[in-house]
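Protein chains in written order, with my numbering: chain X, 1 to 143; chain S, 1001 to 1798.
I should point out that these hints are in silico values taken from the structure, not numbers from a laboratory. Positions of the beta carbon are idealized from the N, C-alpha and C atoms, including for glycine. Treat the hints with caution; some may be incorrect.
Straight-line C-alpha distance at most 20 Å; calculated EDC-like pairs for lysine to aspartate or glutamate [what the hints assert, rightly or not]: (1) X/LYS44 / S/GLU1057; (2) X/LYS111 / S/ASP1029; (3) X/LYS55 / S/GLU1283; (4) X/LYS46 / S/ASP1120; (5) S/LYS1060 / X/GLU35; (6) S/LYS1304 / S/GLU1314; (7) X/LYS46 / S/GLU1125; (8) X/LYS44 / S/ASP1691; (9) X/LYS111 / S/GLU1057.
Coverage of chain X stretches by chain S, computed from C-beta distances (three or more under 8 Å per stretch; other residues unrestricted) [what the hints assert, rightly or not]: (10) 76-90; (11) 107-117.
Listed here are the chains, written in short residue letters.
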Amino acid sequence: MKIEGSEKIEANPDKVWDYLSDPEKIIKCVPGVVEWNVSNNVIKAKIKQGIGFIKGTFDVTVSIEKNDQLKKEALLSMQGTSNLGNFESAVTIYLKSSDDGNYLGYSADPKVSGMIGTISSSIVVNTIKKIVRDMLQCASKSV
Amino acid sequence: MNSRTVLGEKVPQVDSWLKVTGTLRYSFDISLPGMLYAKLVTSKYAHAKIRSLSFEEALKVPGVVAVATGKDFPFRLGIYVSDRDVLAVNKVRWVGHPVAAVIATDMSSAEEAAEKVNVDYEPLEPVLDVEKALEKDAPLVHEDLADYSVFPGFRPVPGTNIANEFNLVKGDVEKGLKESSVVIEDTFRIPQISHAAMEVQNSIGYWRPDNVVELWSSVQSPFATRFLLSKSLGVPLNRVIVHAPPIGGGFGLKAGLGWEALVALLSKKAGNRPVKLVLSRAEQMTSAPSRDLFLAKVRAGFSKEGRFLAYKAEFFLDAGAYADYTVNVARTAGYSAEGSYEIENVNVKSLAVYTNKIPTTAMRGFGHPENHWPLEQILDRAAHELKMDPVSIRAVNLLKPGFSERATGEKVREDEGNPEGVLRTAAGLIEIDKVENPSVPWTVIGKGLSMLVKAPSQPSNAAASAVVKLNEDGTVDVITGTGSMGQGTPTGLAMIVAEEFGVPLESVKVVQTEGVDTDRSAYTWQTVGSRGLFSDGIAVLRAIEDAKGQVKKIASAVFRVPEDDVEVSGGYVFSRTHPWIRKELREFANGYTFSDGTSVGGPVIGRGSYIPVLNTFLDEKGHGSNTVFHTYGATAVEVELNLITGEIKVLRAVQVFDVGKVINLLTLIGQADGGFIMGLGSALFEEIKFDDSGWVLNPNLTHYYVPRITDCDFEIKESFIETPQKDGPLGARGIGEHVMIAVAPAIANAVFNATGVKMNELPMSAEKVWREIMKQKPELFSKALKSFQESLKEVMAE
Chain X
1 MKIEGSEKIE ANPDKVWDYL SDPEKIIKCV PGVVEWNVSN NVIKAKIKQG
51 IGFIKGTFDV TVSIEKNDQL KKEALLSMQG TSNLGNFESA VTIYLKSSDD
101 GNYLGYSADP KVSGMIGTIS SSIVVNTIKK IVRDMLQCAS KSV
Chain S
1001 MNSRTVLGEK VPQVDSWLKV TGTLRYSFDI SLPGMLYAKL VTSKYAHAKI
1051 RSLSFEEALK VPGVVAVATG KDFPFRLGIY VSDRDVLAVN KVRWVGHPVA
1101 AVIATDMSSA EEAAEKVNVD YEPLEPVLDV EKALEKDAPL VHEDLADYSV
1151 FPGFRPVPGT NIANEFNLVK GDVEKGLKES SVVIEDTFRI PQISHAAMEV
1201 QNSIGYWRPD NVVELWSSVQ SPFATRFLLS KSLGVPLNRV IVHAPPIGGG
1251 FGLKAGLGWE ALVALLSKKA GNRPVKLVLS RAEQMTSAPS RDLFLAKVRA
1301 GFSKEGRFLA YKAEFFLDAG AYADYTVNVA RTAGYSAEGS YEIENVNVKS
1351 LAVYTNKIPT TAMRGFGHPE NHWPLEQILD RAAHELKMDP VSIRAVNLLK
1401 PGFSERATGE KVREDEGNPE GVLRTAAGLI EIDKVENPSV PWTVIGKGLS
1451 MLVKAPSQPS NAAASAVVKL NEDGTVDVIT GTGSMGQGTP TGLAMIVAEE
1501 FGVPLESVKV VQTEGVDTDR SAYTWQTVGS RGLFSDGIAV LRAIEDAKGQ
1551 VKKIASAVFR VPEDDVEVSG GYVFSRTHPW IRKELREFAN GYTFSDGTSV
1601 GGPVIGRGSY IPVLNTFLDE KGHGSNTVFH TYGATAVEVE LNLITGEIKV
1651 LRAVQVFDVG KVINLLTLIG QADGGFIMGL GSALFEEIKF DDSGWVLNPN
1701 LTHYYVPRIT DCDFEIKESF IETPQKDGPL GARGIGEHVM IAVAPAIANA
1751 VFNATGVKMN ELPMSAEKVW REIMKQKPEL FSKALKSFQE SLKEVMAE
């Protein structure tokens, strides 16, 4: 299941990128986070999230594998477990500019198992887009 | 004098009133002072090492009393192979494997805290396929198999994933195949299915401060549970008390040991407070056992006259992560692989194989729905090749009571039943030779039948006992070890007692109708294997005889006649030779008191017991004598198959069984009908679906489809033959499991006979049947579609 998308950034893109690059800060913008812990650029968090008709608490680990501050491009590795299923993915995020403004782009190709694997990919993609949008709005407000 | 009025009648269950008014107490309804609640934390990986486990945050949740992990409970459990842990130790073996349990004062706190238990896993390569599990370099599910304790007669193979290997050898199968005119060879498959009992498993454990372990649990086998707990936990048997209230459906799921060890140990950890665990439906379908997946590779040879000359079969039972009962299911599927037939040469290898999937256990039919699925289809296919009909080929090969010998070497008893009568009755009732015309040309109507035979699969010493007490008002109390799970045994036992004493049925109370209790009930091995009425029934009859003997002794003194002149019957005690000398039975209940105040005798308490005396273990070739009775049956169906959609619709069904003696006709009809519908579910709909990581994709009764009332819009005709079993209770045999065994092969045979399409895999869902039609007989689809289109044109034109 390929997930690709981009969201417009209304605030200063450099500041937003810096904010996103700081695990201690960005974790506070993830919707549904109930507890978290950051150590050596690794975020461990419990996130309550609903996907389609199912809801669960995910134990999520995010590692920042690479962060090119100049190009504004980062590679993350994410994995999550829950009673509904697991996911595992490399995630690329990047900033891009176009005539109508600045965008945060992202792409991932997660391996999904369990009940979440039975949900239509369009529902999963829409859920992820909403999470990213909420995170960006939160980050934009905070910078 | 002898008013034999109830036997063979349609008698409602003795607990019907309690059930329909909601007053019968199940274990779920029980609440104890100071009771705590447990919630499981389960594995998210099919196979992984537990790197670390932390629960500090969980302990901070208000109401949480303790969190237990596998390291708290270093015990191994299991009825035949002690391959189970209480909670996962060091590694997890399937998605859903319990790794920890949170104990709290209320359920919501336990649930909240369970989400705060952090487990760090190191994923290992899982093995999710039964054939891959047998490959040389397959990951091992149990590295320490050699250290597990094993019940006599079972043979795990350490260093492999084989939980048990069983072989049955008779004659020379290769020679038999070579001499055969027709050889049928194929591979058959049945997926893992759920017991889908209405009541989920639930248990309360109370490790009392005086070190008595008390349990209230939804169990079929309170005495076996007590024994296994005692053995595993090192607590003396008489310091373990298992209360087993009536259960809301068991079907084998609740046999052996369930969650009782966990709740007992959690109670101890929680400071000797009672702890209750109630599984959610999702936990029931992922953390608890299901029925095995079955794979069969068979070759069967027949002479040109239709004689079954050779049967070579390899059975692979995917036992999941814990084989528990399934080692015996595999053994049973192996030793009974020949079904109702006498086959000259037999070679069956039956393996129970570990994989990283849900554990498996006993289920109604115990290996027989599995082994009858290939066997009964082979017969129809051979008949087709030999231009015989399905009845003739079976009749030629049926075991002949009094003459035949099974492949195990066991003689077929003269009084074992009437298999040919069963076969011909089923064929007659379904009118197997009568061709039916479909209502629309894109469907076909097919008829099929399948024989079945099964004996209880139990240890050679599976005993039962009973106590019968007379009360001074003429009522009778019966104490047994078999409880009520909807199967009707307490009602059957009450009818036997009423019959033998000649008292009204309402005067008899089977105490265990409202629950078994290992401190206060009589011992019986387990409520499984269709053995309840047979084993407990014999024990009850012996207890009645004992009680009558005591009454006769007292009456002899009262009547001043010899004991052997006294008869107890029809609710009276009288002299045979002087029948006018008689008194009511109730007058002897507590001994007899003469008019001058003097007394003789004492309270009458009859005691009876039963044990199979001639059973043996089976040797390495599968030879021995290990059965107490066999019940023959046949299922026949008339189905309509839609050749465009692949949908199978049952139009009529016939269920025939040789029950030896009809005790309660209403119970038999209920069993025959309920069993058919349960069999229909596994035939057409049911399958636990896994993804390639080992996750169950349908752990609920929405996506795991069991038959609804709308799927059962057809007539079932029941017929019961009575060939008395000489040593059975009044000649009776059990049928609790038999009723579902032959349903799937009968339907598959109906499809084959109508179309020539072979169905090797269950469930026969519309999609699967359609795919098989397209693969094997695409012309049937094309023709049906054309006729449908023409019909549509005609309708449109009108």
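Against the structure, the hints come out as follows:
no., hint, in the structure
1, X/LYS44 / S/GLU1057, "holds (14 Å)"
2, X/LYS111 / S/ASP1029, "violated (43 Å)"
3, X/LYS55 / S/GLU1283, "holds (16 Å)"
4, X/LYS46 / S/ASP1120, "holds (13 Å)"
5, S/LYS1060 / X/GLU35, "holds (13 Å)"
6, S/LYS1304 / S/GLU1314, "violated (25 Å)"
7, X/LYS46 / S/GLU1125, "violated (26 Å)"
8, X/LYS44 / S/ASP1691, "violated (26 Å)"
9, X/LYS111 / S/GLU1057, "violated (29 Å)"
10, 76-90, "holds (count 5)"
11, 107-117, "holds (count 4)"
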